[in-house]
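Trainee: So the chains spell out like this:
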Amino acid sequence: MSGKIQNMVRVTDPIERIAHWLLAGSCLFCLFTGLGIMFRSWEFIPELLGGLYAVKWMHIFSGVVFAFALAYAFMMWKKDCAFEPDDAKWIAQGGGYLWKTNNLPPVYKYNAGQKLFFWFVVVFGALIVLSGLVMWNPTAFPIAVARWSYALHALSALVIGSFFVVHLYLGTIGNPGTFQAMTTGWCSRAWCETHCPRWLAEREKGSSES
Amino acid sequence: MKKTEYIKLIDTTRCTACRGCQVACKQWNEMPASRTRNFGSYQNPPDLQWNTWTLIRFQEHVDKNGDFKWLFRKDGCMHCTEAACIKVCPSGALYHTEFGTVGINQKLCIGCKACISACPFDIPRFNQETEKVYKCDLCYDRLKGGQQPACVLSCPTSAITIGEREAMIDKAYRRLDQLGGKGVVYGDKFVGGTHVMYILSEDPAVYDKLPVKPRIPASVILWKNLFKPFTLIGMGAVAGMAALHYLIKGPHEVHEKKEGDE
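Protein chains in written order, with this note's numbering: chain A, 1 to 210; chain B, 1 to 262.
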């Protein structure tokens, strides 16, 4: 084996990466077309994509893709993202991102912040999909349901949009060496020791015999 | 240029339910008829449609004294000053005209239907084929040409009249005096004042599909005044905090084991 591979660990499989980008792509497309519909100051988006009417349908179709990608991602990651008692300690210390800490609990596959992000996306993603379905044909629903769907859709967009920015920062320049987990799928062994030590230990224990 | 606001006053105490306004509206706006069904009332069609912008609602009412009354109410867009439909319309298809009325430009409408659930009066209707919303525009083209709306012109009993805002509000209250105070002026006390007003012979609560206290729905206010601006504010603030974090704390570097580890 080459030295390069020896010091790299495969942290995601292709299916995970495809699901991630399907979810991320449809989510971002929905986010930006949604902003284009909602804000006159983002008019360049409908202008770029062929008008508001076209953007309305793009938003809806992308939303359908998002719904399926979300359902798949939920099934795939819900086990890895189940909370455990140590997560409270991680959160109480801000994950070591905000001030100096020296007793962060060792992380398994995903830290408590990543888990929180996952569950926020699952919950508000489900809400945005359901409210979006109502908005697609509001007259088929009781008036109160239709009316509150619009508010709920906007609230969910606000939550997902804001968390997306955090995710983007922490997944790229905020944590060097992380982004490739979602491109090639290989991260350095040192990265694993920093970010998912328990998972790495278990993995190496399991493969030491083979 | 001084803005002249118009109000159309519908005096239900004068209405004979001839439905001339309904026909005139269809004719002027070149709206086709649709198949209809008899549901045991002269009210026809049963409800507003994309091609029926005004409708006389027939209602049998027995008041507190046991007196029977036949109530007629010409339903249609109320042309709110604080118009929920305009607040939610993403395309600018719904807008305030120089007369204070709510105009609609179908060329801009994308058929999102947001106005349909936002309207406190349940007025806009969707056309499945054109994928656009339709409603009364108080004959904007006629008003611009110095003409009365078609419904006003057609009314044989002068139950429907139109004029400048202040004068019409005045007229409504004078008519109320004439009626000996037995009646209600409807339209000047909510949503910033509507540009269609009623003189009702009964309490507003008596009438079918007439809200007693119409207002922009709370969900619309939360959506447009809070969640909408905070989408950009929230994303911007988080991006700002991330940038500050990067500058102050710096990226979270991986702790490489030094020397000889390779």
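By construction, these hints were calculated from the structure, which means they are not laboratory data.
Be aware that a few hints might be false.
To be verified - Pairs of lysine to any residue, SDA-like flavour, derived with a Cα cap of 25 Å: (1) B:Lys228 <-> A:Lys89; (2) B:Lys132 <-> A:Leu130; (3) A:Lys89 <-> B:Val254; (4) B:Lys144 <-> A:Lys89; (5) B:Lys228 <-> A:Arg40.
Trainee: For this structure, which hints from the list above don't hold up?
Mentor: 1 and 4
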